[in-house]
Amino acid sequence: MNFSQTCSISAGRQKVWDFLMDMENVSQCLPGVESMEKLEEDLYQGVYKIKVGPIALKFQGTLKFEVRDEQQWHAEMRAEAKDRRLGGGVRALLEVDLTEQGPDQTEMRVSLESHVLGKVGEFGQPVMRKKTDAILQEFARQVSEKLAGE
Amino acid sequence: MTYTVVGKPLGQVEGPAKVTGAATFTADVILPEMIWGKVLRSPLPHARIVSIDTKAAEQMPGVLAVLTARDLPDTLTGRVVYDTPVLARDQVRFIGEKVAVVAAEDPDVAEDALALIEVEYQELPAVFDAEEAMNPDAPLLHPDYRSYPHAPEKFFSELPNVHSHVTWQVGDIQEGFAQAQQVFEYTFTTHSQHQGFIEPHASVVSVDSEGRAHLWISNKMPVRAQKLLADAVELPQEQVVVHPVCIGGDFGGKGSLMDAPLCYHLSKRTGRPVKMVMTYTEELMAGNPRHPATISLRTGVTDQGKVVAFQARVVFDSGAYAGFKPVPIVNIPGANSAAGVYGTPHVKIDAYSVYTNCVPSGHVRAPGDPQVTFAVESSMELIAEAMGIDPLEFRKRNLVQDGDLLPDGHRLEHVRIRQTLEAAIESSNWGKPKAHPHVGRGVAASYRHIGAGEANAEIRLESDGTVKVITPVPDTGTGAHTVLQQVVAETWPLPVEQVQVEARPELFETDSGAGASRVTYVVGQLVKEMTEELRASVCRVAATALECQAEEVVFEDGHYTVKGSSDRTLTLAQVAEAGSGKPELSIRKTQVNRDNPQVTTFTAQVVELEVDPETGQIKILEVVTSHDVGTIINPIGHRGQIDGGLIQGIGFGMIEEVVMEEGQVSTLHLGDYKLPNIKDIPPLKTVLVQEEIGPAPFQSKAIGESSITPIAAAIANAVYDAVGVRFYNLPITAEKVYRALRERDSNGE
Amino acid sequence: MHNFEYREPDTLEEVLALLGELGEEAKIVAGGTALVIMLNQRLLVPSHLISLRKLRDIDQIESSDGTLQLGALATLRAVETSPLVKEQSPVLAETYAQVATLRLRNMATVGGSLAHADPNQDPPVTLMALDARVGLASANGSREVALDEFFIDYYETVVRPDELVTRVMVPRAAPHTGSAYLKFLPRTSEDYATVGVAARVSLEPDSGVCQDCRLVLGGVGATPLRARDAEDLLKGQKSTPELLEAVGAAARQLTDPVGDSRGSAQYKRAMTGVFVGRAIDQAWERALA
Amino acid sequence: MASEKTMTRTIRLRVNGKEHSLEVPSRRLLVDCLRYDLGLTGTKEGCSVGVCGACTVLMDGQPISSCLALAVFADGKEIVTVEGIAREGKLDRVQQSFIDHGGFQCGSCTPGMVVTARALLDANPNPSQDEIKEWMLGNLCRCTGYYQIIESIQGAAGEASDA
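Protein chains in written order, with numbering that gives the first Met the number 0: chain A, 0 to 149; chain B, 0 to 748; chain C, 0 to 288; chain D, 0 to 162.
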């Protein structure tokens, strides 16, 4: 499943970049992050919860910064997590691209390629798609709100 | 000819068992101490298996065994080419591939344990489209293909991932195009359809104290299954004993081992009988659905509207493994009917079967035929329109005739396509005014060979005077055993009640089993001959008992008497007693029919439908299905084949699709993958164009794979007639019609 | 299926007490048609199942002061075949009759289907168009919620973990009112709707204009959607093809469908417009009758 | 976490006229209880999601999906399966009619078809074709195309059950 969101943030590009390069900030803007701890440079371990009606998923896994290309204003993060109770998992690649729109205006484009595996992927694909899209939207909204509010 | 038993509408011999629930299907087999197996499947389409940790699962209470490829012999399996691992070894090639298996006291416990198995994968680049898989830079799924057991060298290809390339040709295609004034090219695509049988695959294996594997399996070719299992688990074939069971629907899909090797290994490991029953979700993610196909046609036509050259390139998406294909070419034989019911002098058909990281495809009723017929019967209309010829007239100018060669090298006799087509048209509303706007009519036609194969049977006179036929062919629902009963009863002649048919696959060493519309032909023919032979033997025994010459014995009203004297009569039971122990009262034979017969079967269908232009919804108002038939041995079963195939064909044409996105099936239960139900069936008119000429017993013909084939094309042609949009891919859903109409309207503006 | 403890209290009070005690660890089961599938697919792993199957008297279908009362445990089949429902709200009987198959309707219950909150269901769409209210009970008392405010998101409602749906109330329609529920089934006839639309139209007897209306859309959002903007366009107007076009367009605006095997999001949105028009037509015709 | 003990229940049910009392895990499906605990394998499991109808049984006279019912739901109930349709070894009219009219081929949908058809004819001895379709809508058959199923039911119509 592929998703993307584009939003305009009232902050300079460097500021947005620095904000996003801090996993602490990213995890705060991502709805559902239950915990996030650093294992080593660019590698984090966390718990992520998502609820679709009565189905509560609790993903445990890792998040890794794979690309931080400040030249191109492009970053990639890879997430791999499992839900042990339901026997499912998720694999996702989040890409962020920043475009300068003005000294205090930046366009952020976030793209997500995600695969929901196992039972949840099998039976809940359409709704999971919708949920994932909503999460990405919320992420973009939170990022713009946090930066604009600073 | 008039017959006494042939042609009678007899209910299935299995009827009483089936309507009372007494009939035993594989999942109904319950053995003492039986346990359950469940498999863990790959969530990724292409990956290297880095590690599998089964410890936690093994320690779970109630779990008796957990196996991975490391616990199994390094064998591959398949119906012809052995390319499929029993459990994935080092690598997975599709979402749903089996990675590990658990045996437990209870299926729920086995499921519980699966969740505890940890598999680490390393993802590999995957390819999901057959055309892309043929590109030089595509990931290679099976680099060692050429060394796999039974890989057909004759059909190897240099193209990446192509595991079989077959060419059928007649005439000289270049010469053909040189004769043509006009050349037309079109490409069509079709999708994946599940067989939709109601009984999911099931297997039970019990390894006895002597190491023999007792097998119950939903497999229409049990003798073949015996051999395949023996190879898969490295046992001598005689160490596998196949037990007869009813098959809950086949439609081409029930010819593989599926989980049987796993049942064997689990049974061997635990010393307990093991049952595995696939869920329907597993059927839809890892069954063996119909091959998606891309069909590119190039047709050369003279200015007079005569097709002189026809070239087809058919690319089948084989999925991750070719092991479900049962024919030696390891390709889809139906591709050879891509030239349709036309007697084109120069034809070349290339069929490519290609590995991709999708669900492995298998055979589905008339494999390949509905796909290529949709293409050719759509293209005939396109060409006719382009040339300004009435499509029906264009077809008639080009119909195949007696003596014509088909692309597979068959020279046809008793060709009945013209009569079949005309009967379909006459019985329909063709040419009549239409009741509403947006009503359309479409026609399509096809042919279908009877398959060849090996038949085996035993026939004997029982002590109670019944004649018993023992066949390795199981009951798959087609009424084959009833037909055999009628063949024997008619031949002798005997009352049908005095003939019994029993499936005993374990008594035979080789056999083709059911499939390819062959049973009535190959088994029926053999049984008919054997009946005559047994009757002669019985007559001789009766003669001895009656103390006369065999020529003097007459058989009347179920009794043997001496001609002209009614003093002494013998019932069949009395003859059996008199001949007790005589070997000639029990005959066993094998017969191999290597070639398809030269008389084939034609089908023509006319569909009348109405399109709702606001929604694109299609409502079928009437279907006329016209069949060229010989003698009908059992009209109930015969009609059942026509009706059932037709509705399955409508499902293929309009409703059913195993939807895959990057190898992940999203239609994973029968709430999402919809099968037509009783309210969805259209009014149906069946026309039988009968002539008592056929290759099967009593001049009968095959019918099982006829009605499914042209219907999708007829629907496509009718939609075009109704609203003027042409479809190049299937299924023709309401949404596709809606989109096409919008597109046309916006282009028109 | 994961294992769980099964409780089967005899009274509503016991059920509510148990619910209060166990909270989200427990799931309630009535007909079981949706829940058992989710349990079987291991999407749900509750520790307890609290069955309502031994409860009496909350399966009644009654009428008081013109309000139709459907007990939560009434089966869909019971509503569909109830002479009272057929008489007071034929559209409701029609809607229930269109759910899946007779066999499923013999099992599924009125309350269960609301609590399950699958946005692809038929009855909530019509019930919402009929201004239905839902009765909820907990150990701490009971309350009523308009169905309009009942659904929150996919499979989510305002029902708290300690609460139970006990009944549904459907007020009697005003005179000169007609209602219709149309279910678009482009694949097979027992499928979920690609889109379902319920319309209720009340006419002013003299002028023949629409005095009041309800338009509810099913299967095209996270919950059944009440198309208020579209309703407003219709009020005070006579039905014309142009107006229906505009009403349909307004309804379309509201949709946010999920693409699936019943159609892409785009198609479902487009079909919403078509079926809004058709549902209004049918409701209007019935209002005139 | 509840103990193993509390995860089973003792149920009493009447199946095809015979009383049974047995202890089942809470999670046991009715279809599995009938097939494996009681050995009544006539009832088939097809789709496991209540769509195909192969597992149809009658609960207190009404067709239900035994794959969607927990065995505990059957406590105190009367269940009729395909094995309970014939009486004293004599086929019911519906069963005979399915044989005579070719209302099945492979037979895997047949148990569900037979019990649903019996319930239909008990409720309505002379159903119209539309009524037959409405009742049988939830029973999928891949073999027959349904025409001969309609005829089978029509062939058995007109009189009440032989039983």
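Keep in mind that the hints are not guaranteed to be accurate.
Sample of chain B residues lacking proximity to chain A, with all beta carbon distances greater than 10 angstroms (derived) [claimed, not checked]:
#	residue
1	R145
2	P243
3	R534
4	R738
5	D744
Simulated pairs of lysine-lysine, DSS-like, Cα-Cα distance not exceeding 30 angstroms [unchecked claim]:
#	chain 1	residue 1	chain 2	residue 2
6	C	K26	A	K48
7	B	K735	D	K132
8	D	K17	C	K85
9	B	K467	D	K89
10	D	K17	C	K53
11	D	K17	B	K678
12	B	K678	C	K53
13	A	K50	C	K85
14	D	K132	B	K433
15	A	K81	A	K14
16	A	K63	B	K54
17	A	K81	C	K26
18	D	K132	C	K26
19	B	K395	B	K678
20	B	K433	B	K7
21	B	K54	A	K48
22	C	K26	A	K57
23	B	K7	D	K17
24	B	K395	A	K37
25	B	K7	D	K76
26	B	K7	B	K467
27	A	K81	B	K54
28	D	K17	B	K684
29	C	K53	D	K89
30	D	K76	C	K85
31	D	K17	B	K618
Beta-carbon label-pair distances, calculated as ranges [claimed, not checked]:
#	chain 1	residue 1	chain 2	residue 2	range
32	C	K237	A	C6	25 to 31 angstroms
33	A	R140	C	K237	39 to 45 angstroms
34	A	S110	D	G75	52 to 58 angstroms
35	A	Q136	C	L83	42 to 48 angstroms
36	A	P102	C	I151	40 to 46 angstroms
37	A	R140	C	E24	53 to 59 angstroms
38	A	L42	B	D207	51 to 57 angstroms
Everything labelled a hint here was simulated from the structure, so no lab data went into it.
All C-beta atoms in this analysis are idealised placements derived from N, C-alpha and C, irrespective of residue type, glycine included.
Verification of the hints:
1. R145: 33 angstroms, holds
2. P243: About 35 angstroms separates P243 of chain B from the closest Cβ of chain A, which puts it past 10 angstroms; holds.
3. R534: 58 angstroms, holds
4. R738: 19 angstroms, holds
5. D744: 29 angstroms, holds
6. C:K26 <-> A:K48: Holds, because 20 angstroms separates the two Cα atoms, which is no more than 30 angstroms.
7. B:K735 <-> D:K132: The given pair, whose Cα atoms are some 28 angstroms apart, holds under the 30 angstroms limit.
8. D:K17 <-> C:K85: Status violated; Cα separation ~38 angstroms.
9. B:K467 <-> D:K89: Holds - the C-alpha atoms of K89 of chain D and K467 of chain B are around 25 angstroms apart, at most 30 angstroms.
10. D:K17 <-> C:K53: 22 angstroms, holds
11. D:K17 <-> B:K678: This hinted pair is violated, its Cα atoms lying about 36 angstroms apart.
12. B:K678 <-> C:K53: 35 angstroms, violated
13. A:K50 <-> C:K85: This hinted pair is violated, its Cα atoms lying about 39 angstroms apart.
14. D:K132 <-> B:K433: 28 angstroms, holds
15. A:K81 <-> A:K14: 33 angstroms, violated
16. A:K63 <-> B:K54: 28 angstroms, holds
17. A:K81 <-> C:K26: OK: K81 of chain A and K26 of chain C at ~24 angstroms, within 30 angstroms.
18. D:K132 <-> C:K26: 35 angstroms, violated
19. B:K395 <-> B:K678: Cα-Cα ~35 angstroms, so violated.
20. B:K433 <-> B:K7: Cα-Cα ~39 angstroms, so violated.
21. B:K54 <-> A:K48: 27 angstroms, holds
22. C:K26 <-> A:K57: 19 angstroms, holds
23. B:K7 <-> D:K17: 40 angstroms, violated
24. B:K395 <-> A:K37: Violated, at about 76 angstroms.
25. B:K7 <-> D:K76: Violated, at roughly 44 angstroms.
26. B:K7 <-> B:K467: 20 angstroms, holds
27. A:K81 <-> B:K54: 18 angstroms, holds
28. D:K17 <-> B:K684: Not OK: K17 of chain D and K684 of chain B at ~46 angstroms, beyond 30 angstroms, violated.
29. C:K53 <-> D:K89: Violated - the C-alpha atoms of K89 of chain D and K53 of chain C are around 37 angstroms apart, more than 30 angstroms.
30. D:K76 <-> C:K85: 29 angstroms, holds
31. D:K17 <-> B:K618: 47 angstroms, violated
32. C:K237 <-> A:C6: 25 to 31 angstroms: 44 angstroms, violated
33. A:R140 <-> C:K237: 39 to 45 angstroms: 43 angstroms, holds
34. A:S110 <-> D:G75: 52 to 58 angstroms: 57 angstroms, holds
35. A:Q136 <-> C:L83: 42 to 48 angstroms: 46 angstroms, holds
36. A:P102 <-> C:I151: 40 to 46 angstroms: 42 angstroms, holds
37. A:R140 <-> C:E24: 53 to 59 angstroms: At 33 angstroms between Cβs, range violated.
38. A:L42 <-> B:D207: 51 to 57 angstroms: Cβ of L42 of chain A to Cβ of D207 of chain B: about 54 angstroms, so the range 51 to 57 angstroms holds.
When the structure is compared with the earlier hints, violations turn up for hints 8, 11, 12, 13, 15, 18, 19, 20, 23, 24, 25, 28, 29, 31, 32 and 37 and for no others.
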